[in-house]
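A.B. asks: Quick note, the sequences are listed as chains A and B, same order. According to the numbering used here, the first sequence holds residues 1 to 228 in order. According to the numbering used here, the second sequence holds residues 1 to 929 in order.
Treat the hints as calculated values from the structure; they're not laboratory data. One thing to keep in mind: the hints can contain errors.
Computed footprint of chain A on chain B, listed as stretches where at least three residues anywhere in the stretch have a Cβ under 8 Å from a Cβ of chain A [stated by the list, open to error]:
1. 25 to 32
2. 76 to 86
3. 109 to 122
4. 129 to 143
5. 629 to 642
By construction, the Cβ of each residue, glycine as well, lies at the ideal position given by its N, Cα and C atoms.
Chain by chain, the residues run as shown.
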Amino acid sequence: MGRKRARVKGDVAEGGRSRVSARIRAAAYALFSQLVASPSDAAFAGAALPPDLSEALEQLGEHLPYPFDWLPLAGVAEALTDRDLRRIVRAYGVLFEVGSDGPPLAIREDLAEGRPAGTKEEIVRFYEHFGYRLSKDVQWAPDHLSVELEFLHFLAFKECREKDPEKAQPFQLGQVDFLERHPMAWMPDLASRVGQLAGEVYHRRLFQTVDAFLRADLDWQKTTVQRK
Amino acid sequence: MKRSTTVSRRRFLKGSGLAGLGLMLRHSPLSAAEALAEEPEPYRRFEDVYRNKWTWDRVARGTHGTNCAGTCAFNVYIKGGVVWREEQQAEYEPSGDDVPDYGPRGCQKGLRHSNWMYGKQRVLYPMKRAGERGEGKWQRITWEQATDEIADRIIDYSLEYGPDSISFGSGTMMSVKLASFSSLARFANIAGFTVPEFYSGVGDLPTGVYMTIGTAYTGDTMAAIYKSRCVLVWMANPAVTRLPDAHFFWEARYNGTQVISISPEFTPTAMHSSLWVNPKPGTDTALAMGMIHTILEDGTYERDYLCEQTDLPFLVRADTGEFLRETDLSFVATLAVRDNVFYIWDEATGQPRRAPATGLSDKPIGRDRRRFETLELGDLRPALEGTWQVETRGGTVEVTTVFELLKRKAAEHSPERAAEITGVHPKVIRKVARTFAAARPAMIYTGYSACKWIHGDLLQRAMLLLVALTGSTGKEGGGLQIANAPKTRGMMAFAFADVGPAFRMVSSTTWDYEHGRMKELTEKVYGKELAEDWDARYQESIREDYFPSYGDKGWKMGIFAGNNGANWRASGNRWREVGFGKLETIVAMVPDMGCTAHYADYVLPIAHHYERTDMMLQSRVPYVQVLDAAVLPLGESVDDWTAMNRLAEAISRRARERGIGAIRDDVDGRTVRRDFRSYHDLYTMDGSIESARDVVQYLINVTPGVPKMSFEELAAKGIVRVDDSDGTTWDGEHSPYHNEVARSVVGKRPYETLTGRQQYYIDHEWFLEYGEALPTHLEPLAIEGFPIRFVMGHARHGIHSMWRDDPLMLALQRGEPDIYLNPDDAAARGIADGDPVRVFNPAGAFVAMAHVSAGIQPSMVFMYHGWDPMMFEGRENFSAVISTAGLIKPTSMAGDYGHLGHRVLQFAPNQTYRDFTCELEKWDGNGLA
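Could you put together the complete structure from these sequences and hints?
C.D. replies: Encoded structure:
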């Protein structure tokens with residue numbers, strides 16, 4: 001499609017943890033939080049995808065401090081027409097929001113197969129611990145993937161704003177633990193199932209990409225944060 | 001057209017945060033400044049998040065507004081807009097110092113609701129069918145699109161076929177939530193829909209009780225059980241179905257009360273009873289008649305009570321079998337149509353004398369013309385036994401008493417004869433009868449199972465006769481305890497305000513009979529003779545206007561609100577195929593997906609118990625119970641008032657946009673003007689009702705027996721004791737519940753029956769013809785060649801289909817629908833416990849797991865109900881073999897006879913569920929056919 005290959009190495013934070021890397025990662029979480037939100041629901045997102053998605057993905061590919069293959073999703077996004085967007089809106093509903101036996105796929109962690117009792121409580125405890133509060137209209141779904149990713153964006157943002165590394169560390173540790181215990185505990189399976197069930201290639205690529213991003217981010221974080 | 005995805009890098013960086021990096025929160029009200037203002041909490045590992053004390057934002061008062069009669073007070077604990085747990089409240093007071101109290105109330109289902117309400121079965125968004133009906137393909141749509149499209153269809157069908165071509169089903173889930181039910185009823189009334197009522201539709205209407213005492217509502221509080229000296233728990237299983245109240249039985253037993261359980265299968269209630277009696281399924285009336293035989297033979301009946309309160313002393317002509325009436329004696333009386341004046345034989349004067357308080361006109365709606373009459377006998381000394389000669393206009397005729405006829409009928413049901421029918425030893429029958437007759441007061445506690453047998457009316461008449469013989473009906477701790485219900489004046493005041501009664505209410509039984517062409521099913525399963533005979537009576541009843549029929553314009557659209565009608569119907573497979581499935585438009589308004597929603601064209605998301613403002617009345621407990629919206633409705637769900645408000649608004653707007661004016665609608669001979677443009681104004685009472693909270697306040701203000709207060713006061717209290725509830729019985733004029741029986745027994749006012757008495761003899765020509773003038777045993781219907789009787793009951797782990805699919809509830813059972821069968825029956829068929837079993841008969845087949853149990857009699861199977869078809873192979877549940885939807889007993893359609901004839905929610909034919917048999921085999925996994 002005439003675009004250059006994604007750079008596999010970030011140019012702003014070569015391997016190390018910095019406010020810059022946190023800034024980029026916060027942006028990535030914000031973007032992915034928006035992309036996995038319900039496109040029908042103004043409370044979640046209000047639009048199917050941002051008009052500059054390909055650009056955004058490219059920027060992430062360039063600046064994230066670890067390899068991130070943004071091209072497959074960007075390729076699909078770039079080719080989308082308005083008609084495709086309407087199909088994507090409908091398809092999201094079919095996958096995650098409506099169904100005779102409930103939606104075919106759970107977009108909320110508490111409904112995902114195999115999650116232990118107390119999952120939702122722990123999520124809310126994380127939010128409360130770090131001062132992240134939900135608006136009233138989404139409070140019923142604190143375990144929605146979009147909300148979980150936004151929380152990670154929130155933590156990364158807070159990390160980025162802390163000039164004192166000591167003060168930044170709780171946010172770094174929070175990101176590692178929350179990501180590992182929650183999104184990563186069910187996202188791989190969700191991405192796999194979306195790959196099997198989604199009719200729209202966009203959704204298959206999106207969830208593959210988010211899954212890959214989360215894996216890469218968790219691996220990178222584990223190598224860049226130290227517990228005392 | 002290709003979408004433009006190319007924007008400037010600067011714009012993206014600004015928007016995405018790669019450059020300027022703003023806090024981009026979509027799900028949170030936090031601003032960057034707020035987020036940054038907070039100091040980071042000490043955090044080292046995930047365990048730290050558990051160090052903070054878990055506190056609640058709010059504790060709301062609530063309950064589970066479903067039809068379990070529990071009405072249990074719960075505290076609902078909320079944090080961050082989520083309900084996390086609930087807790088039973090034990091704040092009830094007893095009904096007097098000498099009875100146990102009502103609390104704590106609750107059960108495992110209620111305690112599970114905070115989890116289940118967030119389950120995958122929740123309907124969160126309006127849905128529109130995107131594939132074939134029942135294919136399971138859906139599209140999420142907006143409320144605006146849903147209500148606009150539904151509104152257009154309502155307008156179109158109303159214009160072309162009339163509003164009665166649209167049915168509006170408000171189910172049992174709605175019936176106990178007063179604001180919801182009233183809102184739905186108001187909407188249906190404004191629109192003129194046909195409302196197939198579910199009380200008879202689910203086979204719960206106690207028609208035998210109504211036939212006998214002129215009201216279907218005879219129940220007291222559960223504390224009345226403690227006042228009884230002997231309780232027959234008959235056709236009921238309270239240890240399973242009345243979890244919050246079952247303790248009254250065991251406390252009464254500890255207090256010396258005999259608690260005798262009568263059921264074919266060994267139930268959890270039988271397990272705790274003083275004695276378990278197990279008649280063969282469907283033979284209970286023979287057992288009752290054997291007991292009546294014993295009491296009459298022993299002479300242990302209450303003569304004075306019978307003479308005053310019942311028709312047993314009334315004279316009956318030997319030649320016709322009809323009551324002796326004034327029209328038999330006087331030509332003038334024939335001109336005045338005084339065919340409701342009856343006679344007793346007065347031993348004091350040796351003459352037939354007019355029975356007091358007879359000759360009264362039928363009760364008109366809203367007025368009680370019997371209040372000035374009395375049952376007191378004064379100087380009369382009615383004879384119970386004997387025969388006499390009476391001069392009539394037609395000559396001398398022999399007369400005798402109903403009591404004499406009863407003795408003859410009972411003679412046909414000696415304990416020995418009853419034993420042959422029931423399988424219960426004659427000594428046991430006599431023992432139970434004598435225990436019961438010696439108890440003062442004596443009680444029969446029953447559920448709705450009798451209503452589900454085609455001849456269950458005869459059993460209820462026999463049950464009432466049993467308690468009447470002991471003089472216990474109308475006494476504290478006595479009588480037939482089956483059901484009571486709130487006086488409907490408050491709800492109807494709201495439903496009919498500004499419009500007047502303007503909808504059509506019809507029994508679901510007759511509705512299904514017509515729209516499911518159920519006569520064909522009866523013919524196929526039970527034979528042409530029965531089908532033709534009963535259908536002829538049905539048609540005569542409609543022709544003579546005993547019962548209404550609104551089927552002539554066809555059925556185009558069905559709206560099902562809180563009503564899983566595709567699940568609970570008898571012969572559900574046929575109904576779905578012939579009736580429901582042929583509808584042009586189906587709308588389901590539900591909080592959870594189920595069979596009905598699965599087959600619908602539109603599904604609207606409705607708020608669950610903790611997400612709505614409402615109040616409940618259930619007569620078993622003397623309290624009003626509040627539902628104080630603990631959290632916002634999930635997703636885009638809304639409460640019923642709001643849903644109907646949106647639909648009313650859409651109808652009015654679309655009518656204006658389309659330039660559609662008013663139509664004239666004929667409702668039972670009355671012309672009603674229906675102007676679609678005004679529906680919204682009417683529904684909201686010109687804007688004075690803005691929310692469900694306003695509806696509740698309206699109902700508090702106008703409902704009899706509900707203490708007058710603001711909703712906020714009620715919500716703060718959670719429960720409030722209703723008026724006139726000091727004792728255990730509903731005998732006061734100011735309570736919210738029916739007290740007709742007490743009015744007659746204590747206040748001596750005539751009953752609302754043709755004879756003004758507890759009427760055990762019905763001389764309607766159909767009753768005489770079918771041999772049902774008196775209670776008697778008639779064999780239940782069976783299907784030739786299919787030896788296994790299929791019996792069902794309410795479940796412990798669900799209320800109808802609600803909570804039935806909850807993972808924890810399933811884990812407490814077998815995890816899937818199971819069917820109980822006797823070990824010998826299982827062995828004879830090579831079936832082992834846990835095997836899949838195919839159950840079949842000419843009506844259909846379904847598959848369930850074998851649950852082999854010695855608690856089940858041979859030649860019967862038992863299954864707890866409520867399992868949704870969605871949980872079965874091929875989406876076929878037990879209703880596939882319940883071949884009874886075409887069985888409408890002629891006497892249940894009788895009319896033009898005093899109190900007999902269609903009375904909404906009082907007298908209508910039940911849809912029955914028991915009069916069939918089946919066969920079973922180990923399932924080979926190859927389809928159902």
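A.B. asks: Against this structure, judge whether each hint is valid.
C.D. replies: Tested hints:
1. 25 to 32: holds (count 7)
2. 76 to 86: Since three or more residues must qualify, the claim that chain A covers the segment 76 to 86 of chain B holds, with 5 doing so at under 8 Å.
3. 109 to 122: Held - the segment 109 to 122 of chain B has 5 residues with a Cβ nearer than 8 Å to chain A, which meets the minimum of three.
4. 129 to 143: Our answer is that it holds, as 7 residues pass the Cβ test (under 8 Å) against chain A, meeting three.
5. 629 to 642: holds (count 4)
When the structure is compared with the earlier hints, no violation turns up for any of them.
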